[in-house]
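Chemist: Listed below are the residues making up each chain.
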Amino acid sequence: MSDPQAVTTAAPPPTLGGGTVTPHARRRPSPGFFVKLALVATVDALGVYGVLAAAAVASWGIVAFLVLALVVVNWAYFSPRALPAKYLVPGLVLLLVYQIFTMAYTGWVAFTNYGDGHNSTKQDAIASIAEQNETRVEGSPTLPLSVVERDGELGFAVVQEGVVEVGTAQQPLAPAPDATVEAGRVTAVPGWDVLQFVDVAGRQDEVTVLRVPFSDDPADGSVRTQDGSTGYVFRPTLAYDEATDTFVDTVDGTTYAPSDGGNFVSADGTVLTPGWRVGVGLDNFTRAFTDSRLSGPFVQITAWTFAFAFLSVVTTFALGLFLAIVFNDARVRGRKVYRSLLILPYAFPGFLSALVWRGMLNEKFGFVNEVLLGGAQVPWLQDPWLAKVSIVLVNLWLGFPYMFLVCTGALQSIPADTIEAARIDGAGPARILRSVTLPLLMVSVAPLLISSFAFNFNNFSLIYMLTGGGPNFVGTPVVVGHTDILISMVYSVAFESGTKQYGLASALSILIFVVVGVVSWLGFRRTRTLEEI
Amino acid sequence: MSRTASAPVLRGRRWWAEVGWRHVVGVVMIAVCVLPLVYVVSASLNPGGTLTGSNDLFRTVDLQNYADLWGRGYGGWFVGSLVVCTATSVGTVLMGSAAAYAFSRFRFTGRRGGLTFLLLVQMFPQMLAFVAVFLLLLSIGDVFPALGLNSRLGLVAVYLGGALGVNAFLMYGFFNTVPRELDEAAKIDGATHGQIFWTIILRLVAPILAVVGLLSFIGSFGEFIIAKVVLQRPQEYTLALGLYYWAADERTARWGLFAAGAVLAAIPVVLLFLFLQKYIVSGLTAGSVKG
Numbered sequence: 001m002s003d004p005q006a007v008t009t010a011a012p013p014p015t016l017g018g019g020t021v022t023p024h025a026r027r028r029p030s031p032g033f034f035v036k037l038a039l040v041a042t043v044d045a046l047g048v049y050g051v052l053a054a055a056a057v058a059s060w061g062i063v064a065f066l067v068l069a070l071v072v073v074n075w076a077y078f079s080p081r082a083l084p085a086k087y088l089v090p091g092l093v094l095l096l097v098y099q100i101f102t103m104a105y106t107g108w109v110a111f112t113n114y115g116d117g118h119n120s121t122k123q124d125a126i127a128s129i130a131e132q133n134e135t136r137v138e139g140s141p142t143l144p145l146s147v148v149e150r151d152g153e154l155g156f157a158v159v160q161e162g163v164v165e166v167g168t169a170q171q172p173l174a175p176a177p178d179a180t181v182e183a184g185r186v187t188a189v190p191g192w193d194v195l196q197f198v199d200v201a202g203r204q205d206e207v208t209v210l211r212v213p214f215s216d217d218p219a220d221g222s223v224r225t226q227d228g229s230t231g232y233v234f235r236p237t238l239a240y241d242e243a244t245d246t247f248v249d250t251v252d253g254t255t256y257a258p259s260d261g262g263n264f265v266s267a268d269g270t271v272l273t274p275g276w277r278v279g280v281g282l283d284n285f286t287r288a289f290t291d292s293r294l295s296g297p298f299v300q301i302t303a304w305t306f307a308f309a310f311l312s313v314v315t316t317f318a319l320g321l322f323l324a325i326v327f328n329d330a331r332v333r334g335r336k337v338y339r340s341l342l343i344l345p346y347a348f349p350g351f352l353s354a355l356v357w358r359g360m361l362n363e364k365f366g367f368v369n370e371v372l373l374g375g376a377q378v379p380w381l382q383d384p385w386l387a388k389v390s391i392v393l394v395n396l397w398l399g400f401p402y403m404f405l406v407c408t409g410a411l412q413s414i415p416a417d418t419i420e421a422a423r424i425d426g427a428g429p430a431r432i433l434r435s436v437t438l439p440l441l442m443v444s445v446a447p448l449l450i451s452s453f454a455f456n457f458n459n460f461s462l463i464y465m466l467t468g469g470g471p472n473f474v475g476t477p478v479v480v481g482h483t484d485i486l487i488s489m490v491y492s493v494a495f496e497s498g499t500k501q502y503g504l505a506s507a508l509s510i511l512i513f514v515v516v517g518v519v520s521w522l523g524f525r526r527t528r529t530l531e532e533i
Numbered sequence: 001m002s003r004t005a006s007a008p009v010l011r012g013r014r015w016w017a018e019v020g021w022r023h024v025v026g027v028v029m030i031a032v033c034v035l036p037l038v039y040v041v042s043a044s045l046n047p048g049g050t051l052t053g054s055n056d057l058f059r060t061v062d063l064q065n066y067a068d069l070w071g072r073g074y075g076g077w078f079v080g081s082l083v084v085c086t087a088t089s090v091g092t093v094l095m096g097s098a099a100a101y102a103f104s105r106f107r108f109t110g111r112r113g114g115l116t117f118l119l120l121v122q123m124f125p126q127m128l129a130f131v132a133v134f135l136l137l138l139s140i141g142d143v144f145p146a147l148g149l150n151s152r153l154g155l156v157a158v159y160l161g162g163a164l165g166v167n168a169f170l171m172y173g174f175f176n177t178v179p180r181e182l183d184e185a186a187k188i189d190g191a192t193h194g195q196i197f198w199t200i201i202l203r204l205v206a207p208i209l210a211v212v213g214l215l216s217f218i219g220s221f222g223e224f225i226i227a228k229v230v231l232q233r234p235q236e237y238t239l240a241l242g243l244y245y246w247a248a249d250e251r252t253a254r255w256g257l258f259a260a261g262a263v264l265a266a267i268p269v270v271l272l273f274l275f276l277q278k279y280i281v282s283g284l285t286a287g288s289v290k291g
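Sequences listed follow chains A and B, in order.
Using UniProt numbering, read the first sequence as starting at 1 and increasing by one per residue.
Using UniProt numbering, read the second sequence as starting at 1 and increasing by one per residue.
The set of hints was computed from the structure by calculation and includes no laboratory data.
One or more hints might be untrue.
With beta-carbon atoms standing in for the labels, derived distance ranges [stated by the list, open to error]:
| hint | chain 1 | residue 1 | chain 2 | residue 2 | range |
| --- | --- | --- | --- | --- | --- |
| 1 | B | Arg72 | A | Asp124 | 37 to 43 Å |
| 2 | A | Glu420 | B | Thr177 | 27 to 33 Å |
| 3 | B | Leu202 | A | Asp417 | 36 to 42 Å |
Example chain A residues on the side facing chain B (calculated, C-beta under 7 Å, incomplete) [as the list claims (entries may be wrong)]:
| hint | residue |
| --- | --- |
| 4 | Tyr105 |
| 5 | Ala347 |
| 6 | Pro349 |
| 7 | Glu370 |
We treat Cβ as the ideally placed atom computed from N, Cα and C, and that holds for glycine.
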């Protein structure tokens with residue numbers, strides 16, 4: 001979105017904080033100016049729409065951000081002093097929202113109990129507890145009921161003391177004076193379609209969970225139906241008392257008081273769900289180490305993650321370097337052909353290779369067992385140790401071409417006379433490799449080895465596609481397995497383990513952040529010392 | 001070790017000892033490299049094939065699987081993937097080059113700070129924050145459904161958010177190698193900063209733009225975890241997601257169909273890669289890793 005035609009004319013580069021200002025008289029609106037105007041106007045229009053929409057759903061954070069962003073965008077593109085900002089704003093805005101903010105947000109979530117059962121605020125939790133804990137009022141009259149529909153939204157029309165009332169889940173029952181009643185049942189309501197029995201049967205699931213409140217006050221209860229023709233009156237069994245901030249059971253009088261964990265809990269320890277989000281301090285971080293069912297797998301997974309990342313780098317680099325040396329001899333004919341074919345695994349999209357290998361390594365029907373091993377039934381992906389071996393081997397297949405390319409490039413930049421000199425001094429091939437080639441090679445390759453380590457440390461798709469983390473551990477509170485690495489463990493904790501635990505997952509993410517950050521930092525330092533050689 | 005091509009021609013035993021064995025290594029390695037690819041091509045030509053049926057290579061040759069792909073949402077995934085990856089790579093190139101231009105050519109307060117900040121950000125992979133990305137898109141979806149969950153545009157926005165940190169440095173270095181005298185001359189001739197950027201600088205840095213665009217395309221083509229978190233309905237899947245679901249369930253999967261889908265998905269990427277090999281290699285050694 002950088003403007004093709006500038007507003008300023010040739011002038012010394014202005015600075016952000018008070019540089020040269022071009023006089024207004026020298027502005028000539030050019031076609032580029034109108035392009036810019038149109039683009040910024042579009043952004044503004046979308047922004048204003050966003051502000052209104054966000055205000056409507058009370059997302060004040062988004063409102064504040066949008067207002068600020070709009071001010072910055074308009075300032076950047078219309079102020080002649082904001083020259084660098086014109087080029088930086090689009091990228092920086094996206095970077096702030098989708099990377100910096102998400103990192104900070106991860107940090108915040110890690111200190112809360114955010115997750116299933118603790119998804120929202122306390123107010124939402126109170127409303128939904130009141131709503132969910134309702135029972136049919138014994139002895140209350142049954143109401144003749146019809147299911148009605150408007151724009152796909154279902155509602156109920158009931159006859160209560162001779163008056164027809166219509167309502168939906170969102171809108172409490174309200175009188176509908178123009179409705180037609182035949183034989184005690186509502187047959188037509190202006191503005192609504194009355195569903196016939198067949199239609200009701202077709203949407204049975206929606207009808208039986210529909211709850212139409214009598215009024216805005218949850219304490220008044222609601223109408224529900226089982227069969228779509230008779231309504232029953234339901235009243236909450238739990239009443240919220242604002243003064244004491246407790247729920248009281250209207251039947252047996254038990255009180256439920258809010259706890260530190262973000263739930264209403266009774267004296268005997270019964271917990272009402274859902275709860276709400278609260279800060280839990282370092283609980284998520286310590287849980288991974290202290291919860292006995294979690295700490296065992298966590299330690300194993302951490303060890304395997306390091307082992308996997310380390311082995312990935314070492315094996316791919318060793319094979320890549322070996323092949324690079326083998327084919328770095330000008331006397332080998334057809335080197336171009338070899339090179340093109342050897343990088344095929346690298347050109348083939350990685351996620352597809354992992355899936356193909358998953359099929360080929362299948363215990364009963366896979367190509368490897370059936371054809372290459374003559375019908376053996378080796379449990380490549382089912383046995384904990386073999387699965388690890390398989391992962392390292394498949395990753396070697398995937399990754400050596402990269403190292404091969406990199407090493408080939410680095411070898412060619414090593415001057416031939418250095419090696420010649422070493423040979424004249426009487427060094428054999430092994431000695432030359434160890435004392436001349438490798439140290440020179442490392443200068444350019446070491447940073448790539450570090451980033452390769454960091455990449456494999458988080459190589460989610462390979463693990464997820466090849467073994468899915470399996471074979472699984474037994475008896476852990478999250479679904480994780482012997483070949484899971486930390487990042488796939490985080491994924492499992494966040495999305496795949498029955499109850500979603502965003503707080504715990506974020507805490508684990510942060511632990512990975514730290515490891516990757518430290519490794520990269522050490523890598524940078526190490527690279528610098530190498531360059532001084 | 002590197003030797004000059006003028007070495008004497010070797011024969012017999014010495015040829016074996018110094019050159020011949022290298023061909024043996026090469027042939028063995030090529031077999032290892034190519035076998036899985038041959039296998040997947042063969043499986044894709046085996047109509048109605050399951051895992052077992054795919055083990056006799058090229059027993060049947062039939063394009064039925066390729067024809068069957070289209071009724072099963074594959075076309076949508078294919079087009080969707082191309083759209084997402086193209087948008088991501090174009091956006092990455094535009095944003096990255098604009099930022100690199102600003103850092104390379106302008107001197108402003110916060111320039112050094114900005115560069116250090118990008119260097120730091122680049123150390124933290126965005127994919128680690130996928131839980132927060134999910135929660136963020138959940139709330140954005142209330143305001144802008146087009147940028148929320150289950151939206152390809154939302155996915156592109158997430159990818160673009162991570163693009164600057166990774167690529168700006170790579171491009172910044174390259175921009176610095178373009179002599180400043182060129183744009184100063186243009187400035188004296190009356191060119192605006194916009195004209196200099198679009199018509200002079202971008203032409204001169206075209207190789208790095210190609211590399212960044214390509215790596216970004218290939219990277220987002222194979223990206224899995226964020227796509228899986230953001231896109232949850234089969235209609236919007238990318239190829240990586242769709243093919244994963246086809247292959248993941250080994251009991252019911254139609255392996256032949258998956259293989260055909262995989263071959264079609266891989267062909268454009270492999271061709272692109274082989275065709276632009278040397279550019280990609282220079283880009284790789286400049287600091288990126290396969291994604």
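Chemist: If a hint holds in the structure, say so; if it does not, say that too.
Modeler: Right, here's what the structure says about each hint:
In this structure the supplied range 37 to 43 Å holds for Arg72/B paired with Asp124/A, their Cβ-Cβ distance being about 40 Å. Distance hint check for Glu420/A and Thr177/B: the Cβ-Cβ separation is about 32 Å, which falls inside the suggested range of 27 to 33 Å. Between Leu202/B and Asp417/A the beta carbons are some 40 Å apart, a value that agrees with the proposed interval 36 to 42 Å. Using the Cβ-Cβ criterion of 7 Å, the hint placing Tyr105/A at the interface with chain B is satisfied: the shortest such distance is roughly 4 Å.
Hint status for Ala347/A: holds, given a least beta-carbon distance of 4 Å to chain B, under 7 Å. Here the hint on Pro349/A is kept, as its CB sits about 5 Å from the closest CB of chain B, short of 7 Å. For Glu370/A, the interface hint holds, the least distance from its beta-carbon to any beta-carbon of chain B being 5 Å, beneath 7 Å.
In summary, this structure violates none of the numbered hints.
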